[in-house]
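Chains as they are written, first to last, in numbering that gives the first Met the number 0: chain B, 0 to 336; chain S, 0 to 637; chain W, 0 to 169; chain P, 0 to 99.
Treat the hints as calculated values from the structure; they're not laboratory data.
Mixed in with the good hints there might be a few duds.
Here's a subset of chain B near chain W, in silico, CB distances under 10 Å, partners left out [said to hold, decoys possible]:
1) E78
2) I81
3) V121
4) F125
5) L127
6) G141
7) W142
8) S146
Where a beta carbon is used, it is the ideal one built from N, C-alpha and C, also for glycine.
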Amino acid sequence: MNFLEAAMQPGSVDFLYNIAIIVIKILVVFGVIMLHVAYATYFERKTIGHMQVRLGPMRVGPHGLLQPIADGIKLFFKEDIIPAQSDKPVFFVAPVISLVAALTSLAVIPFFDGFVIADINVGLLFVLAMSSLGSYGIILAGWSSNSKYSFLGGLRSAAQIISYEIAMGLSLVGVMMLSGSMNLTEIVKAQEHYPLGMFLFPQLIACFVYTISVIAETNRAPFDLPEAESELVAGYFVEYSGMRYGLFFIAEYTAMIIMASIGIVCFLGGWNGPFEIPYVPFAWFFLKLYLLIFVYYWIRATLPRYRYDHLMDLGWKVLIPLALLNIVVTGIVKVLL
Amino acid sequence: MDNYLLIPFLPLAAFFVNILFGKTLIRDKSHWVSLFAVVCSWVIAVMTLFEVIGGRTVNRDLYTWIVSGDFRVSVGFLIDQLTAVMLIVVTTVSSLVHIYSIGYMHGDKGYYRFFAYLSLFTFSMLMLVMANNFLQLYFGWEAVGLCSYFLIGFWYEKKSASDAGKKAFIVNRFGDFGFGLGVIMIFLTFGTLHYAPVFGSVNGIVGKTVDFLGLQVDLPTLIALLLFCGAVGKSAQLPLHVWLPDAMEGPTPVSALIHAATMVTAGVFLVARCNPIFVLSPPAMNVVALVGAVTALFAGTIALVQNDIKRIVAYSTVSQLGYMFLACGVGAFSAGIFHLYTHAFFKALLFLGAGSVMHAMAGELDIQKMGGLKKHMPLTYWTFLLASLSISGVPGFAGFFSKDEILWRAYASGPLGHLLYAIGALTALLTAFYSFRIIFVAFHGKFRGTHEQEHHLHESPKIMTVPLLILAAGALAAGWVGIPPLLGGGEHFAEFLAPVVGHAKGEGTHAEEWATMITAVILGLGGIAAAAFVYLRKSTLADTVAGRFSFIYRLLWNKYYVDELYDTIIVRPTFWVAKNVIVGVTDGKIIEGIVNGVPRFIGTLSSWLRNIQTGMVHQYAAVMALGAFVVIAIVLFW
Amino acid sequence: MMAEGIFIYLAAAIVILSVLVITRSNPVHSMITMLVLFFHIAALYVTLNAEFLAAIQVIVYAGAILVLFLFVVLLLNLKEEMVARRYIGPWPLGVLAALGLLVVIVLSLKSFIPGPSGVFTTEVVRAETNTKVLGQILFTEYLYPFEVVSMILLVAIIGAIVLAKKRLRN
Amino acid sequence: MVPLHWYLLLSSAVFVVGVAGFLTRRNIIIMFMSIELMLNAVNISLVSFSRYLSDMRGQVLVFFVIAVAAAEAAIGLAIIIALFRNKATAHVDEANEMKG
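So that you can see chain B by itself, here it is in the shape it has in the complex:
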């Protein structure tokens, strides 16, 4: 039973109770994720700092632990500069679209058994739908700024996201075929019979395609061309400042967390682990999440940036065919076994 239907049942005894539970869940998830986003930036700076034999932020608080909070306060109180000749309504709404698109996906992610805001049938499609909306924020931000750099950045970014979305969606089809469902909870449960409780091994190709597509989808290095500092200054949000800039930032890190979570749910066995950890049902999930986030940073610190045509070639000529191959192989194996 989906969220809207639950809300639509008149005269239900549990109606208000349901609403209350849902609201509480939303608040909890939102709060936790926001905190994670804040400290993901800190984590990134520290990780990359150490990889580059630096210390990273050290001044604010012990080992710079309060740095994210300081950054947040700074962004919040910074002057909000709006370019002249910009399309103001679109300029205002663009970061919001980005953030909403990112945050909405949180609704369907099962952090542990039974804890999901909306346990809908088409969860995976929902996530794909929301991630495809991310391009609107980028493209509109780039266009409404009325600046050549941001416009080019926006176009590049949108083209990249649309291209890699296909590979990402196709890589998840194999998972759907194996689990026979698009509900994320059921996908996790379907993995229990597989080696290590994961789809990782039967869907190795898909996992590979997914990982690369996700990095491109979230505009992270080495696919961060839209924000290539050396070419486009900072890409689509070059004209943004203050909290609007902060919103884009939050959206990007939220998207990273979402994509990592989907990866965990679809390939790494979700909340299940080798053994049960009492009282902390989400422990395995978050452990895997940190691991994947670390991989993001690791890749960023290691690999140089792609050229744009190489990026497009990789997406269309390597990843999409690979994903299609994976679908065919999965189908054949499933029919044969």
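Got chain B; can you put chains S, W and P on it based on the hints?
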């Protein structure tokens, strides 16, 4: 016996292999494919013959080919005594011609094509003789015609060759039109096209008449004559004989196979096959016999004066085919088939010998430019001589027995038969004369060609002479299966065919039989002697005679002006009508008037209508919306 | 009551948004309105138990088709568009035609007769999940049209490339 | 339960808005969007039929409509780009090359 299906389909397979892969893959190895197929067919045909001799015949439908209302046709095979004989003739001659062609066609750029066509022809001819219904017969009939067309025009860059191909095709159309009508009449009359039910119920149509072109015509006569039309065309009888001499433009092995031994005898086969229909109609039989006799004499006279070696042999073929029809016309079908069978050997041999001569003479055809070839190419000479002896009816050779059989049966058939006998015997004289004219002019005496030609003279390679030797054996001995009782034989051939074609009627005394035989032999030997006298002793005599009787000589030299006659009464009027009526009036006035009038009308209309087409999308959309509005409104409120 | 309320909200929003889509002078604003409109239509599908289609509506319409539109709009010259006339000259006629169409369509709704009911009741669909049921029908009864649609998409891809490609030199 | 007629009324309203947009706007892109509006209007009625007649075929048709709409958008937008490249305008009333 059960593998009889392989007989036609092996050559078909060879055709497909050669036509598909010949140009690129097989190239100069094409002959192996076709030769293998046809030799296998020959082996199976021989086995089949022995089984038929043992008394087993086959008549089986393979599958239903066409069903349309009452019209049902199967692909089926009938193997009886007649078919078995034809199978042997076709596969034997075809095999030998294949072998001969390896040498003769060596180095031709259409090598693979040639063998593909030979295979296709062999398939078609076998389908023709193995058919168990008229439509399949018709299929084979047209298919051999098509192959003949392909092969006459094999050297299609040569205008005369492609013209000859077209001529053969078109002339055959006249005959085939009649044949087609005959098949339709058979279906209308009997409701089926299978031989067995048609021939089984054939006695039921005696005395019936049918309205044909406003005349009340005797039904059996009509059907028989329509079928005979096809035979006349295919077997080059008067008046449709004109295509066969021209068909000599094709490669010589083709002339031997198609235009001497097999395809042209299809007409005789047809008449023999349909003998139950023919015997019902004495007028039709008389027509067959007279056409055959007149053709025999007519072609024989033409052959007397021609100088082109292949044309002489071609007219000889027409003449001999006339003999066969003569035999069929007097009811001696087995004699006709017997002559067909012996003729296949010696005529194929004559053609292949002529081909061998051409090979040595670098394509020269005029016998006046040859001479003295005997010492240069002894094998060719001796085999050619053997064939000529055979065709001249010298006792002991194959041709003697078959020709004697025909002449005797003709004589024995009645008063008309005496006339037919006279014509036949006269033709025998002519035959001997022109056959030995070739021998004496081309092989004896001094060489009259150019110096280069003389230098080039050589015996043909073994691959060509071996088939000549085999055929020579046939020309000598093939007739021994049909030695008449008079000479102590058992007439085995006629007895063998009797279940299919029956026995020839007519009677006569032994004395008469001796008389006819001796007369014919004397005439034949006389012809040889005359030829020897004229061309060996008194070489000026021929020119003297030609000068004395110059009118007749010119008449014969120009083949009785038949081609010119056709040109005047058919070709020119047709062209005139085409040019003045069809092109001038029908096409120029009526069709072009319509063709030009329609666009003019449309143009006027559209120049008015195109004002509607403004190019404005909104107007189009508005009209669509209006249309939707009107449709819904009509549905709602009407 | 709740269901009716939601429907009325969605319907009102859809109609108003669609009117906004066709009246904005700036095509980008039309796009954004359209985006919101698509979300409302997706929500409407959810209330009709068509979750799969709702997701497809967002993924394909909002995520692909509309982005394409947006691309094209951004590639065109918008400055001129902002100052140019929005409507054709005789626009009242167009509105009149549309209204006439509305009238006859609404009148025709009176004579609407529902066809026979099928087997896929809400309970069946809920037990099987919407996606599975749709997939079963799509890949059995409608397999051939499905393949045809894939061909159409292929042709569209090729056609779009051919049409939009810049002319090559020489 | 919302009556089926409400959905049909909504559908016809959206459809007519699409028609009006197509008939009145000059900008070819907006006209295209009007077409998409009409398609969506039809989709709404199809989905509601599917729901009210307990028959999945309506949804299958919507699936096909969406697929065809995607194809149509790709081709249509390519045509628009070609038009713009040649005429430097997005206004259809300035393009009447097809006038007879």
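Right, here's what the structure says about each hint:
Below 10 Å, beta-carbon pairs count as interface contacts, and E78(B) has none with chain W, the closest being about 26 Å; its hint is therefore violated. Restraint check, I81(B) versus chain W: the minimum CB separation of about 17 Å is more than 10 Å; hint violated. Interface hint status for V121(B): upheld, as the beta-carbon distance to the closest one in chain W is roughly 5 Å, under 10 Å. Proximity of F125(B) to chain W holds as hinted, the smallest CB-CB distance being about 6 Å (cut-off 10 Å).
Because the smallest distance between the Cβ of L127(B) and any Cβ of chain W comes to about 6 Å, under 10 Å, the interface hint for this residue holds. Interface hint status for G141(B): upheld, as the beta-carbon distance to the closest one in chain W is roughly 9 Å, under 10 Å. Restraint check, W142(B) versus chain W: the minimum CB separation of about 5 Å is within 10 Å; hint holds. Against a cut-off of 10 Å between C-beta atoms, the interface hint on S146(B) is violated, since the closest Cβ of chain W lies about 13 Å away.
In terms of the numbered hints stated before, the structure departs from hints 1, 2, 8, listed from lowest to highest.
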